[in-house]
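**Q** Chain by chain, the residues:
Protein chains: 2
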Amino acid sequence: MDRYDSVESPTESTRSFIALVVLSQVFGLLAVVLTGVWLGKYWGGFSWTNASTVFNYHPLFMVLGLVFLYGDAILVYRVFRAYRKLPIKIVHALLHMLAFLFGVLGIKAVFDFHNALTIPNMYSLHSWLGITAIVVFGLQWVGGLIGFLVPQTPQSARSKLLPIHVTIGSFLYLLVIAVCISGITEKNFFSKAYPSLRTAEVIGNILGITLVIFGGLVFYLVQHPNYRRIDVISPERRALHE
Amino acid sequence: MDRYDSVESPTESTRSFIALVVLSQVFGLLAVVLTGVWLGKYWGGFSWTNASTVFNYHPLFMVLGLVFLYGDAILVYRVFRAYRKLPIKIVHALLHMLAFLFGVLGIKAVFDFHNALTIPNMYSLHSWLGITAIVVFGLQWVGGLIGFLVPQTPQSARSKLLPIHVTIGSFLYLLVIAVCISGITEKNFFSKAYPSLRTAEVIGNILGITLVIFGGLVFYLVQHPNYRRIDVISPERRALHE
Chain A
1 MDRYDSVESP TESTRSFIAL VVLSQVFGLL AVVLTGVWLG KYWGGFSWTN
51 ASTVFNYHPL FMVLGLVFLY GDAILVYRVF RAYRKLPIKI VHALLHMLAF
101 LFGVLGIKAV FDFHNALTIP NMYSLHSWLG ITAIVVFGLQ WVGGLIGFLV
151 PQTPQSARSK LLPIHVTIGS FLYLLVIAVC ISGITEKNFF SKAYPSLRTA
201 EVIGNILGIT LVIFGGLVFY LVQHPNYRRI DVISPERRAL HE
Chain B
1 MDRYDSVESP TESTRSFIAL VVLSQVFGLL AVVLTGVWLG KYWGGFSWTN
51 ASTVFNYHPL FMVLGLVFLY GDAILVYRVF RAYRKLPIKI VHALLHMLAF
101 LFGVLGIKAV FDFHNALTIP NMYSLHSWLG ITAIVVFGLQ WVGGLIGFLV
151 PQTPQSARSK LLPIHVTIGS FLYLLVIAVC ISGITEKNFF SKAYPSLRTA
201 EVIGNILGIT LVIFGGLVFY LVQHPNYRRI DVISPERRAL HE
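Heads up: the sequence lines are chains A and B, in that order.
Those letters in the first sequence? Residues 1 to 242, by UniProt numbering.
Those letters in the second sequence? Residues 1 to 242, by UniProt numbering.
One should not assume that every hint holds.
Which copy? The list can't say, so a pair holds if one copy fits it or any two copies do.
The list that follows gives simulated cross-link-like pairs (lysine-lysine, BS3-like), each with its CA atoms no further than 30 Å apart [to be verified]:
hint: 1; residue 1: 108; residue 2: 89
hint: 2; residue 1: 192; residue 2: 108
hint: 3; residue 1: 108; residue 2: 41
hint: 4; residue 1: 192; residue 2: 89
hint: 5; residue 1: 108; residue 2: 160
hint: 6; residue 1: 41; residue 2: 192
hint: 7; residue 1: 160; residue 2: 41
hint: 8; residue 1: 85; residue 2: 160
hint: 9; residue 1: 89; residue 2: 41
hint: 10; residue 1: 85; residue 2: 108
Since the hints were made in silico from the structure, they are not lab data.
Quantities reported herein were computed from a predicted structural model and do not represent experimental measurements.
Use the sequences and the hints to build the structure in full.
**A** So this is what it looks like as structure tokens:
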């Protein structure tokens with residue numbers, strides 16, 4: 001028995017699904033572009049060799065990797081919900097790997113910046129939660145690989161792991177967005193213009209709102225029972241694909 | 001067909017359920033106590049008549065109302081998962097009403113503080129997201145009342161609203177925690193001690209971690225299929241209770 005009874009017709013449901021997926025991509029890309037403009041135009045641009053602007057890669061890589069790619073890695077299970085699972089799993093794992101690599105580069109950028117300017121590392125709540133998030137992200141990835149892509153893992157273990165993997169993954173995703181909000185808050189406070197709002201602070205605030213909307217759309221698409229996977233394969237053949 | 005097949009035995013599942021509920025309450029109460037100690041001992045205590053400390057009611061009421069009571073209002077559907085629905089709905093609505101009242105008082109505290117010290121209102125990302133969260137919270141409450149407690153609402157409308165109410169409610173809950181994290185970040189930056197960590201900043205950071213753990217436990221208990229409602233009433237009698 002499903003958690004809810006669906007009362008929407010399949011057509012209605014498909015139409016709202018496509019609209020929400022498109023909208024999610026608009027807000028996801030908007031977040032990446034806003035981050036680029038914010039740091040590129042208002043905070044001095046990007047450079048690995050300039051100690052004062054190397055920091056700018058930090059928010060860019062986090063938004064690109066740990067928000068946009070992470071969100072889309074989740075969404076592949078909805079967007080391709082009528083397709084067989086194995087290729088989707090591989091895309092999910094690859095997007096997450098890319099997200100993780102951006103996350104590591106993003107951490108490198110902020111440590112390089114702090115070390116060059118002899119600013120202490122790891123003092124803020126943002127850094128405590130952020131480092132926890134990336135560690136849990138890495139563990140989730142390894143857990144997902146062993147649990148769902150290694151063929152030897154028995155079906156009973158997979159069934160037990162699946163709701164845990166999905167729940168931790170969804171929570172972690174929203175935690176990453178929360179960490180971004182605290183990071184934007186820090187950046188806006190560092191500007192010393194606050195409480196005055198210049199263009200830079202307004203863009204920071206709008207970026208935060210955009211991230212929340214993107215996160216909300218991904219969460220809604222993943223949670224709503226109407227958008228769940230459609231099993232097109234008979235149970236007998238499913239074993240071959242899972 | 002359920003989203004996942006449960007492979008845990010009912011006893012295993014009940015044991016882990018009780019442990020997680022107890023743990024959630026420990027972290028929820030710890031968050032409230034930490035907030036009280038943080039502001040009471042390190043930030044000057046509580047008073048509605050003292051312009052410089054009236055602010056301290058803001059985080060206290062937000063953590064007590066919009067995190068702790070909001071979380072427990074969600075959890076009643078799990079803790080009393082084997083009981084009939086109507087009394088649970090009423091407790092859910094009452095706890096949310098209380099949470100909302102604390103939220104409004106919390107907003108009043110920060111506006112009183114800003115106005116007394118002629119600090120501008122509503123400039124930060126924290127305030128933009130916070131005010132949005134409380135407005136959506138109010139709308140969710142009214143929507144829930146009309147959708148699930150007014151007896152005239154037809155069953156088809158309820159079924160359509162339920163997943164939307166649950167998804168928006170869960171997302172909003174985690175958004176509120178994200179807003180708290182940005183609020184703690186602001187408070188820690190206002191101290192001017194950062195990047196040095198005094199006891200006050202360490203407690204702020206630990207409070208943030210505690211809120212995330214509480215939120216994570218509530219989210220896990222709500223999401224995991226093993227902990228869903230157990231329907232003890234026959235479908236014929238259910239109509240009388242829903």
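**Q** So, for every hint listed, does it hold in this structure?
**A** For each hint, the structure was consulted:
Taking the shortest alpha-carbon separations for residue 108 and residue 89, only the intra-copy value of 28 Å comes in at or below 30 Å, while the best inter-copy value is 49 Å. In this homomeric assembly, residue 192 and residue 108 come within 30 Å of each other (Cα to Cα) both inside a single copy, at 25 Å, and across copies, at 26 Å. For the homomeric pair residue 108 and residue 41, the shortest alpha-carbon distance inside one copy (22 Å) is at most 30 Å, but the shortest distance between copies (37 Å) is not. In the homo-oligomer, the alpha carbons of residue 192 and residue 89 never lie at most 30 Å apart, since the shortest distance is 46 Å inside one protomer and 47 Å across protomers.
Neither within a single protomer nor between protomers do residue 108 and residue 160 lie at most 30 Å apart by alpha-carbon distance, with minima of 35 Å and 46 Å respectively. Proximity of residue 41 and residue 192 under a CA criterion of 30 Å is satisfied in both settings, with 18 Å inside one chain copy and 28 Å between copies. Taking CA atoms no more than 30 Å apart as the test, residue 160 paired with residue 41 passes in neither setting, with 48 Å inside one copy and 45 Å between copies. Within a single copy, residue 85 and residue 160 get their C-alpha atoms as close as 18 Å, and across copies as close as 28 Å, so both meet the 30 Å cut-off.
Taking the closest pair of Cα atoms, residue 89 and residue 41 never come within 30 Å of each other, the shortest separation being 38 Å inside a single copy and 51 Å across copies. Taking the shortest alpha-carbon separations for residue 85 and residue 108, neither the intra-copy value of 34 Å nor the inter-copy value of 51 Å comes in at or below 30 Å.
Taken one by one, the earlier hints fail for this structure at numbers 4, 5, 7, 9, 10, listed in ascending order.
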